[in-house]
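Go ahead and model the full structure; you've got the sequences and the hints to work with.
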Amino acid sequence: MKQDPLLQLQQWLEVQKACWQTALQSSNLDTSQLDNLLSACRQAVAAHLPEQHADIAEKMTLQLESFCRYGLNVLKILNNNDSDALQSAIEALSQQLQQQVNADFAQQWSIPAHLLQLLSNPQAQPLPGFSLIQSLFTHPQGRSQHNSLKLLGAYEVFGHAFNDHLIHQQHIIKATNSQLFDTLEHDSEISSLAQLHHLWIDAYEHHYSLSLKDNDYQQSYGQLANAILELQRQLKRCWEEEYRSLGLVPYEDYRALLEQHHTMRRTVRTLTQRLDNLEAQLNADINISSNNSSSNSNSNSNSNSNSNTQTSHPPQHDPIS
Amino acid sequence: MPFTLSPSKISQEINDWNRDLLHGLSILDTIEEIDVGTAAADIIYQEDRLTLKRYTPTTVINANAKPLLIVYALVNRPYILDLQPDRSLVRGLLQEGIPVYLIDWGYVQPVDQFVDLDDYLTGYLDRCVTAVCNDSHCRSLDLLGVCQGGVFSLCYTALYPARVDHLVTLVTPVNFHTHDNVLGHLARTIDLDLMLSSHGNMPGQLLIDAFRSLMPTNLPVRKQLNLPQQLKTRDQALNYLRMEKWINDCPDLAGAAFKQFMELFFGQNALLRGRFQLGNKEIDLGQISQPILNIYGSKDHLVPPEASQALRGLTNSRRYEEIEINAGHIGLFAGSRSQALLPKKIRDWVTT
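Note that the protein sequences, when read in sequence, are chains P and R.
Heads up: the first sequence begins at 1 in my numbering, then just goes up one per residue.
Heads up: the second sequence begins at 322 in my numbering, then just goes up one per residue.
Source of the hints: derived by calculation from the structure; they are not laboratory data.
Backbone N, C-alpha and C fix where the C-beta goes; we use that ideal spot for every residue, glycine too.
Please note: incorrect hints may appear among the correct ones.
Taking lysine-lysine pairs in the BS3-like style, the calculated list, with each CA pair at most 25 Å apart, reads [as the list claims (entries may be wrong)]:
#1 Lys213(P) / Lys553(R)
#2 Lys602(R) / Lys580(R)
#3 Lys17(P) / Lys553(R)
#4 Lys566(R) / Lys553(R)
#5 Lys236(P) / Lys580(R)
#6 Lys174(P) / Lys544(R)
#7 Lys544(R) / Lys213(P)
#8 Lys665(R) / Lys620(R)
#9 Lys566(R) / Lys59(P)
#10 Lys580(R) / Lys59(P)
#11 Lys620(R) / Lys544(R)
#12 Lys213(P) / Lys566(R)
#13 Lys59(P) / Lys553(R)
#14 Lys330(R) / Lys17(P)
#15 Lys150(P) / Lys17(P)
#16 Lys665(R) / Lys76(P)
#17 Lys76(P) / Lys17(P)
#18 Lys59(P) / Lys17(P)
Listed below are several chain P residues computed to face chain R (Cβ distance under 8 Å; list not exhaustive) [said to hold, decoys possible]:
#19 Glu14
#20 Gln16
#21 His53
#22 Ile56
#23 Gln218
#24 Glu230
#25 Met264
#26 Arg266
#27 Thr267
Now the structure itself:
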């Protein structure tokens, strides 16, 4: 029988308390039991909660994991009586939060996981070659060498744009850390981890928003976004060729059909509307002439109930006129 | 050294935080459904992806009120206007005796990638106006445009002035080139043809991420860190979850319409010129003589006040008024302060 995930989390809380007790007394921590239990809890929670909450639960437990790890890090630093405790704690925090920001950035632009690793590494080197792209270039194996060359070109442009963007990111992080040190040394008293997190976020957001307004950053953002899109397009082109060779309908052909379909629908709608308008006009003319003939034959009558009913509806108009 | 963190403090803080999180998860466990947009309504017209709703009146209809058609943006979903019973502009308007109609543009599909602004304005929107007029036996109506829907409402009123009596624009961008419009600056660096040849339509997820990227740590880190505080009670959790659902519910945008919108408004800042070409039609804001009520938020970072204020003087409106509300882009129609203020202001405007 499956165990209640909330009960499991309760157990995890107890184990954690014990772990913290040990941590308070020793600098040498074994967190494996804590890690295993948290991982089991996360899976159990995701499976147990309704699907719509699974994502939030996942984010919360991941954040919890990250927060705990950071707490343990700080604890180790403090237990070691490190004279540069503040600096070490901030560097550790900065690295950890930057990883989260990078993960979000990579998700936004669908950057492959192995490139994400480079993003996370502040000492990132210029990009190494993709083995897949290199193999496409050196061993076309029936693929068009022209397409492979274009793909390789797109990859190189992406590499430059990516490295350029990294420089901006590193600049923001450096300014953030520097501001945080200043704040801590002169103004604030830090008595909680959450407070430290919030200070870092405030500093990061401040420097990030300054960068956003900077023309160089905007250009770098655009270059990277366009380089990723171009890379995606070239990869798609390679697939298109494969589709064609297998006798399948490639996306470009499907798109052309969609465009024709849209044009035809618009034409049909326009013509239908014109016909409706003509019909309405015809009916109105018939009504007027029949009213005229009836008023001629009953010149003493003042009844006009039909025309009142008619005016209660708005006139149709031709949208293309 | 002001670094007064101690091992025991850290241990206590993490334990407290975890306990709150555990409590939050147990609250989540009690919530089966996140209900949004629950005000009673009938669908009176449907076409492709869109549905046109007529809300059921909750009080006697104000004799001076014409039908009010709400034109929401293509970005995100219109149920933010009726997020929950106590945060609902729609219910507020109904309570003031206004007959309310709303266009729900629906979820764009890959097949819609060639639908352009002309299709939206002279096609879908115009047919919705006709349907509302038929339904309410009126020749004309009042328009309430929200954000991008406000841009549509301005263009529509300029094209068909006889069909609109009053115009209310809510958080509507008019000047897309204000210095604080960061999103606009970033958007202009993107190659739109490349974007659409890669995706066909503009993916909604990319838009969500673009909004998030304006504050990259506030949302993923600070928000998640504060999450247990949002889940203390079931009601609090539902408030939070409804808003989360809305934030993450962004349909794709029809490729051709997106490109045209970006080029015309973000690129050329066409509204500011007052007169411009849309497809084979000329839009002249000078054709608008209707009373205009222009409402914007002083803390709006997506459509800064300056971007909305630019509407003043661009039309020939016989009565133009601006209202600045101390709120952000969403808070303006979902916040409690505006709930008390907006429906009455709008009622007063459209009934005089």
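A quick look at each hint next to the structure:
1. In summary, the hint linking lysine 213(P) to lysine 553(R) is not supported, as the alpha carbons are separated by about 38 Å, beyond the 25 Å threshold.
2. Proximity of lysine 602(R) to lysine 580(R) is assessed by CA-CA distance (about 17 Å); at most 25 Å being required, the pair is judged to hold.
3. Proposed proximity of lysine 17(P) and lysine 553(R) is supported: the alpha carbons are some 22 Å apart, at most 25 Å.
4. The hinted pair formed by lysine 566(R) and lysine 553(R) meets the criterion: a straight-line CA distance of about 18 Å does not exceed 25 Å.
5. Distance check on the hinted pair: lysine 236(P) and lysine 580(R) sit about 21 Å apart at the alpha-carbon level, within 25 Å; holds.
6. Between lysine 174(P) and lysine 544(R) the CA atoms are separated by roughly 23 Å; this keeps the pair inside 25 Å, and the hint holds.
7. A threshold of 25 Å between alpha carbons decides the hint, and for lysine 544(R) with lysine 213(P) the separation of about 24 Å falls inside it, so the pair holds.
8. Note on lysine 665(R) and lysine 620(R): the hinted pairing holds, with a Cα-Cα distance of about 22 Å set against a maximum of 25 Å.
9. Restraint check: the Cα-Cα separation between lysine 566(R) and lysine 59(P) comes to about 15 Å, which is no more than 25 Å; the hinted pair holds.
10. For the proposed pair lysine 580(R) and lysine 59(P), the alpha carbon gap of about 34 Å is over 25 Å, so the pair is violated.
11. For a cut-off of 25 Å, the pair hint linking lysine 620(R) to lysine 544(R) stands: about 19 Å separates their Cα positions.
12. Annotation: proposed proximity of lysine 213(P) to lysine 566(R) is violated, straight-line Cα distance about 30 Å (limit 25 Å).
13. Restraint check: the Cα-Cα separation between lysine 59(P) and lysine 553(R) comes to about 17 Å, which is no more than 25 Å; the hinted pair holds.
14. This hinted pair checks out: lysine 330(R) and lysine 17(P) have alpha carbons roughly 13 Å apart, not beyond 25 Å.
15. A threshold of 25 Å between alpha carbons decides the hint, and for lysine 150(P) with lysine 17(P) the separation of about 57 Å lies outside it, so the pair is violated.
16. Distance hint between lysine 665(R) and lysine 76(P) is unfulfilled; the C-alpha atoms sit about 59 Å from each other, more than 25 Å.
17. The straight-line distance between the Cα atoms of lysine 76(P) and lysine 17(P) is roughly 16 Å, inside the 25 Å bound, and the hint therefore holds.
18. Distance hint between lysine 59(P) and lysine 17(P) is fulfilled; the C-alpha atoms sit about 22 Å from each other, no more than 25 Å.
19. For glutamate 14(P), the suggested interface contact is broken, since its CB lies about 10 Å from the closest CB of chain R, more than 8 Å.
20. With a cut of 8 Å, the hint placing glutamine 16(P) at the interface with chain R holds, because the nearest CB-to-CB distance is about 6 Å.
21. Checking histidine 53(P) against chain R by beta carbon gives a least distance of about 5 Å; that is within 8 Å, so the hint holds.
22. Look at isoleucine 56(P): its Cβ gets to within about 7 Å of chain R, closer than 8 Å, so that hint holds up.
23. About 5 Å separates the beta-carbon of glutamine 218(P) from the nearest beta-carbon of chain R, less than 8 Å, and the hint is met.
24. Because the beta carbon of glutamate 230(P) sits about 6 Å from the nearest beta carbon in chain R, less than 8 Å, this interface hint is met.
25. Taking 8 Å as the C-beta contact cut-off toward chain R, the hint placing methionine 264(P) at the interface is violated, the least distance being around 11 Å.
26. This hint holds: arginine 266(P) has a C-beta 7 Å from the nearest C-beta of chain R, less than the 8 Å allowed.
27. For threonine 267(P), the interface hint is violated, the least distance from its beta-carbon to any beta-carbon of chain R being 12 Å, above 8 Å.
Of the numbered hints given earlier, the model fails hints 1, 10, 12, 15, 16, 19, 25 and 27; all others are met.
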